[in-house]
Amino acid sequence: MSDVGDLNEAGSAGFERVVLITGAGSGIGAALARRIAAPRSALMLHARGADHEARERLAQVAADCSANGSRCATVYGDLAERGAAEHLIHQTLASFGALDQLVANAGHAQRQTLGGLDPDAFSAAFAAMPAAFAALVKRATPALETSKRGRVIALSSFVAHRYRADAPFAATAAAKAALESLAKTAAAELAPHGVTVNCVAPGYTRKDRGPSADNAAVWSRAAEATPLGHVAEPADIAALIAFLLSDEARHITGQVIHIDGGLTLG
Numbered sequence: 250m251s252d253v254g255d256l257n258e259a260g261s262a263g264f265e266r267v268v269l270i271t272g273a274g275s276g277i278g279a280a281l282a283r284r285i286a287a288p289r290s291a292l293m294l295h296a297r298g299a300d301h302e303a304r305e306r307l308a309q310v311a312a313d314c315s316a317n318g319s320r321c322a323t324v325y326g327d328l329a330e331r332g333a334a335e336h337l338i339h340q341t342l343a344s345f346g347a348l349d350q351l352v353a354n355a356g357h358a359q360r361q362t363l364g365g366l367d368p369d370a371f372s373a374a375f376a377a378m379p380a381a382f383a384a385l386v387k388r389a390t391p392a393l394e395t396s397k398r399g400r401v402i403a404l405s406s407f408v409a410h411r412y413r414a415d416a417p418f419a420a421t422a423a424a425k426a427a428l429e430s431l432a433k434t435a436a437a438e439l440a441p442h443g444v445t446v447n448c449v450a451p452g453y454t455r456k457d458r459g460p461s462a463d464n465a466a467v468w469s470r471a472a473e474a475t476p477l478g479h480v481a482e483p484a485d486i487a488a489l490i491a492f493l494l495s496d497e498a499r500h501i502t503g504q505v506i507h508i509d510g511g512l513t514l515g
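If you read the sequence shown in the working numbering, its first letter stands for residue 250, the second for the next number, and so on.
Hints may contain errors.
As the list claims (entries may be wrong) - List of simulated lysine to any residue pairs, SDA-like, C-alpha gap at most 20 Å:
| # | residue 1 | residue 2 |
| --- | --- | --- |
| 1 | K387 | E335 |
| 2 | K456 | H479 |
| 3 | K456 | T475 |
| 4 | K433 | G503 |
| 5 | K456 | A484 |
| 6 | K433 | A484 |
Treat the hints as calculated values from the structure; they're not laboratory data.
Please construct the entire structure, taking both the sequences and the accompanying hints into account.
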């Protein structure tokens, strides 16, 4: 079960928006947090926090965001665990008194063929992504409906749209496809309250941690597979998400927006 750390004293008064970002300790989540951090904003930053290094990474992101003027808090927990998603929303409301925007970024990709699919891996993918997203949105809905800047963004992936025998992602692709379907349902249900819900589907995006982060051959192959000839940086994806969270994107909802360098053109 999750536990909370580094909660700053805060209240809803004076905040232009309160944003919860899951998976904020590295990659796209960290890039987004740093991009949108600003005075009069409050950020609840989540990470699984499985080890000391993971907690240190999240603490550094929070420190960077605080230096840019945001009021920040951090929360840890495995979203695949029952009750963890609800706990994140509860803690955000308890810390800041409001929740305006939710970015469901936490997730993982795992190469697996359908023939070699392990039932436990399949269940884990669905628990960590579509099931956690559904729980987050359900618990957040009352707060989102009262917000004037209600936004929900779910991070999908190209693997739910590009199927190749030499690059199989059986469980991840199914989970991300389910995530997109749930996001569209949420978009329809929340639209009468002015809340937008969209998915962002990145292509190959450079990682700042993990086994492949420093593997030049992996990224060279990814760049060759991408029509534009290069992989995305986390900041590229964060820029799109930041736009979708902005007032300028208030008429965009129920969409899956690809940012993949043309990877899913064919």
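State the violated hints by number, sorted upward, taking the hints as numbered earlier in the document. 6
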